[in-house]
Structure formats: structure tokens, C-alpha cells
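Novice: Sequence:
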Amino acid sequence: MTLTLAEAEKILADHFAPWVLDLGLAVVETGERHALLRLPWSGRLAREGGGLSGQALMAAADTATVIAVSAARGAFVPMTTVQQSTSFQRAVVGADVLLDARVTKLGKRMAFADITMTATGSEDPAARASAVYALLG
Numbered sequence: 000m001t002l003t004l005a006e007a008e009k010i011l012a013d014h015f016a017p018w019v020l021d022l023g024l025a026v027v028e029t030g031e032r033h034a035l036l037r038l039p040w041s042g043r044l045a046r047e048g049g050g051l052s053g054q055a056l057m058a059a060a061d062t063a064t065v066i067a068v069s070a071a072r073g074a075f076v077p078m079t080t081v082q083q084s085t086s087f088q089r090a091v092v093g094a095d096v097l098l099d100a101r102v103t104k105l106g107k108r109m110a111f112a113d114i115t116m117t118a119t120g121s122e123d124p125a126a127r128a129s130a131v132y133a134l135l136g
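Each step along the sequence shown adds one to the number in numbering that gives the first Met the number 0, with nothing skipped, and position 29 is 28.
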């Protein structure tokens with residue numbers, strides 16, 4: 000019951016605000032309970048000092064979770080973020096970020112996920128997040 004890449008990209012195009020689309024996120028892979036997205040490096044997303052801003056990473060993690068939950072359910076349903084906690088471990092400078100969102104529990108009304116954010120070319124995560132979503136449909 001997973002999504003195709005085309006279906007996942009359509010969810011991005013149809014259900015997210017224009018400023019989220021401006022991040023340039025691309026769906027790389029979907030699976031039974033996960034999604035892998037790429038956040039391309041952009042100097043526009045960097046903070047003073049040249050590191051990718053935490054706000055951009057958190058928005059990307061939130062978006063990746065919607066795609067992962069949709070993949071786990073087999074289709075998009077309206078949902079909303081209840082909680083997201085993010086820990087930043089190292090700066091990302093001049094590299095794309097891969098966001099691996101994994102659904103850890105999928106219920107009828109709630110979904111839980113863990114998201115690992117890793118700069119391309121690195122083996123160590125730049126950040127980790129956990130998220131809880133209310134499923135509205």
C-alpha cells in the first residue's frame with residue numbers, strides 16, 4: 000500500500016503552502032512505512048555563518064513526515080502536526096540534506112515518526128526529529 004514517487008510528488012504539489020514548495024524538496028524514495036526526501040542546498044536557507052537554518056530543516060522534516068504517513072496509509076489524508084521535537088547535532092554547509100522519515104506507529108487517529116537528517120557526503124546525522132500527527136480523515 001505504498002505510494003509511487005509520482006503520487007508522493009503530487010501530494011507535495013497539491014497540499015503544501017507555496018513557501019514550503021520554495022524549499023525545493025524532492026521525493027527520492029517511498030516505502031511501506033517511510034519516505035526519503037532531498038532538501039537541496041541553497042544559500043537562501045543559510046543563516047549567518049553559512050549553516051543551513053534550523054527552521055528550514057524542521058519544515059523539511061515536517062513535510063517528509065506527511066509523505067511517510069501517506070505512504071504508510073497508501074494515500075494522503077488530511078493530518079496536522081501535534082508535536083515535533085528536533086535535535087541539531089552538526090551544521091550543514093554547502094550540501095543537500097537527505098531526510099529519512101520512518102513511521103514508528105500508525106493508528107486510526109494518530110501517527111508517530113522519527114526523522115533522520117543527514118548531509119550528503121556524511122555518514123553522521125546533522126539532526127534528528129520525532130513527530131506526532133493527528134489524522135483527520
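Just so you know, not all the hints are guaranteed correct.
[Unchecked claim] In the SDA-like style, the derived pairs of lysine to any residue whose C-alpha atoms are separated by at most 20 Å in a straight line are:
{"#": "1", "residue 1": "K107", "residue 2": "T79"}
{"#": "2", "residue 1": "K104", "residue 2": "F87"}
{"#": "3", "residue 1": "K107", "residue 2": "F75"}
{"#": "4", "residue 1": "K104", "residue 2": "A133"}
{"#": "5", "residue 1": "K9", "residue 2": "G136"}
{"#": "6", "residue 1": "K104", "residue 2": "R89"}
{"#": "7", "residue 1": "K104", "residue 2": "G53"}
{"#": "8", "residue 1": "K104", "residue 2": "R72"}
{"#": "9", "residue 1": "K9", "residue 2": "F75"}
{"#": "10", "residue 1": "K107", "residue 2": "F87"}
It should be emphasised that the hints constitute simulated quantities derived from the structure, not laboratory data.
Novice: For each hint, tell me whether it holds in the structure or not.
Specialist: Okay, the hints, checked on the actual structure:
no. : hint           : in the structure
1   : K107 with T79  : 14 Å, holds
2   : K104 with F87  : 23 Å, violated
3   : K107 with F75  : 14 Å, holds
4   : K104 with A133 : 12 Å, holds
5   : K9 with G136   : 18 Å, holds
6   : K104 with R89  : 28 Å, violated
7   : K104 with G53  : 26 Å, violated
8   : K104 with R72  : 11 Å, holds
9   : K9 with F75    : 10 Å, holds
10  : K107 with F87  : 31 Å, violated
The structure shown violates the earlier hints numbered 2, 6, 7 and 10.
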